[in-house]
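The listed protein sequences correspond, in order, to chains A and B.
Count the first sequence with numbering that gives the first Met the number 0 and you get residues 0 to 182, in order.
Count the second sequence with numbering that gives the first Met the number 0 and you get residues 0 to 111, in order.
No lab work stands behind these hints, which were simulated from the structure alone.
Since we're looking at a predicted model, the values are computed, not measured.
Heads up, some of the hints might be wrong.
[What the hints assert, rightly or not] Restraint-style ranges between C-beta atoms, simulated for each label pair:
# : chain 1 : residue 1 : chain 2 : residue 2 : range
1 : A       : 15        : B       : 29        : 43 to 49 Å
2 : A       : 31        : B       : 70        : 24 to 30 Å
3 : B       : 67        : A       : 173       : 32 to 38 Å
4 : A       : 46        : B       : 73        : 24 to 30 Å
5 : A       : 43        : B       : 95        : 41 to 47 Å
6 : B       : 67        : A       : 34        : 21 to 27 Å
7 : B       : 58        : A       : 145       : 48 to 54 Å
8 : A       : 26        : B       : 2         : 34 to 40 Å
9 : B       : 16        : A       : 34        : 41 to 47 Å
[What the hints assert, rightly or not] On the chain B side, residues computed to face chain A include the following (Cβ under 8 Å):
#  : residue
10 : 33
11 : 36
12 : 37
13 : 54
14 : 57
15 : 61
16 : 64
17 : 65
18 : 99
19 : 103
All C-beta atoms in this analysis are idealised placements derived from N, C-alpha and C, irrespective of residue type, glycine included.
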Amino acid sequence: MRPNKTGALAWLPELCWLVVVWVLLWGSVSPLVPLTGIAIAAAALWTARLPRPAPLTGRLRPVRLLVYVGDLVGELFSSAVQVSWQAIRYGGPAGGALVSVPIRAHSGGLLLVTANSVSLTPGNVAVELDRENGRLFVHGFPIRSEREVEDLRRFVVRIEARVIRAVGSPQDLRAIEQEEKRR
Amino acid sequence: MNATNVVSAILLLAGACFAALGGLGLVRFPDVLTRLHAATKPQVVGLLLILAGVGTRFGDATTAAQLVLVAAFQLITVPITAQTVGRIACRLGELRRDLLLRDELGEKTRTD
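Bound-form chain A, shown alone (with noise of 0.2 Å):
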């Protein structure tokens, strides 16, 4: 863990991100549209008063970020060509199945990017997530049989290790390698 940074400084990577934000709405690097973007950004983060975001452990691997998302577009593809088969298959939709999956990503940044990944991917909707138990409870769809439950709920864990893979902190990425060198 690294320590806190405290003050002002923290909230650098979303002041910088409302600013690129505002450039691209505007459409023009003009100087007066990046100062009153930042302007505008700090008033907004100032009056907001979010809490400290979770941090995603501040550790990007960019090649596995690549991979992650180039992986994450096929999917999001075959997913949609899936569902609207399923749309249009004469006599209606097969059933689903709520499966709860194991999950070991400890932070919330974590878990938030797995969760949305799983969203995104083919017959998966993450439902709800019990962060005390560590579970995450997905919807898949279509799923017909015991086996395809069980497919499922490995490919959930093949995402959230892809997801920690691209962007997780150490410890996690070295828990998910021991795990996997054990199978």
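Dock chain B against chain A, hints included.
Frame of chain A; chain B shown alone:
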């Protein structure tokens, strides 16, 4: 008709198809949880394709950056909305348990 126009037209049409299929899913699927699937994936992909189509048509960096911004916010917010709706549906019991092959969330709630 040049190549850019053709590509853009294909992307726009494909996006519209996905959006329409998402809508069809909303009508045809039996309960909240299954409808969430229709409301998230085909809808997001449809929008991404339409944005890509618009981007190819304009072909300048400023527009592209703005479209990327729209896409990013979609990808961040849509799953969160889906999760919130799904969670409320589960807590209120607004789901067809008879359609679930396995219901581990229900088991957990009963043992709590």
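Hint-by-hint comparison with the structure:
1. Checking the proposed 43 to 49 Å range against residue 15 of chain A and residue 29 of chain B shows it holds: the Cβ atoms sit about 45 Å from each other.
2. Distance hint check for residue 31 of chain A and residue 70 of chain B: the Cβ-Cβ separation is about 27 Å, which falls inside the suggested range of 24 to 30 Å.
3. The hint said 32 to 38 Å for the Cβ distance between residue 67 of chain B and residue 173 of chain A, and at roughly 34 Å that hint holds.
4. Remark: the range hint 24 to 30 Å for residue 46 of chain A to residue 73 of chain B is upheld by a beta-carbon distance near 26 Å.
5. The hinted window of 41 to 47 Å between residue 43 of chain A and residue 95 of chain B holds, with their beta carbons roughly 42 Å apart.
6. For residue 67 of chain B paired with residue 34 of chain A, a C-beta distance near 23 Å keeps the hint of 21 to 27 Å intact.
7. Look at residue 58 of chain B against residue 145 of chain A: about 51 Å separates their beta carbons, and that is inside 48 to 54 Å.
8. Range check, residue 26 of chain A to residue 2 of chain B: Cβ separation about 26 Å, and the 34 to 40 Å hint is violated.
9. Our hint of 41 to 47 Å for residue 16 of chain B and residue 34 of chain A holds, since their Cβ atoms are close to 44 Å apart.
10. Hint status for residue 33 of chain B relative to chain A: holds, with the closest Cβ pair at about 5 Å, below 8 Å.
11. Residue-level restraint check for residue 36 of chain B holds (minimum Cβ-Cβ distance to chain A is 5 Å; threshold 8 Å).
12. Hint on residue 37 of chain B holds. Least Cβ distance to chain A is approximately 6 Å, under the 8 Å limit.
13. With a least beta-carbon distance of about 13 Å to chain A, the hint placing residue 54 of chain B at the interface is violated under the 8 Å criterion.
14. Among the interface hints, the one on residue 57 of chain B is violated; its C-beta lies about 11 Å from the nearest C-beta in chain A, farther than the 8 Å criterion.
15. For residue 61 of chain B, the interface hint holds, the least distance from its beta-carbon to any beta-carbon of chain A being 4 Å, beneath 8 Å.
16. With a least beta-carbon distance of about 5 Å to chain A, the hint placing residue 64 of chain B at the interface is held under the 8 Å criterion.
17. The restraint placing residue 65 of chain B at the interface with chain A holds, with a minimum CB-CB distance near 6 Å, inside the 8 Å limit.
18. Annotation: residue 99 of chain B was flagged as interfacial toward chain A, and the flag holds, the nearest CB pair being 6 Å apart, inside 8 Å.
19. Taking 8 Å as the C-beta contact cut-off toward chain A, the hint placing residue 103 of chain B at the interface holds, the least distance being around 4 Å.
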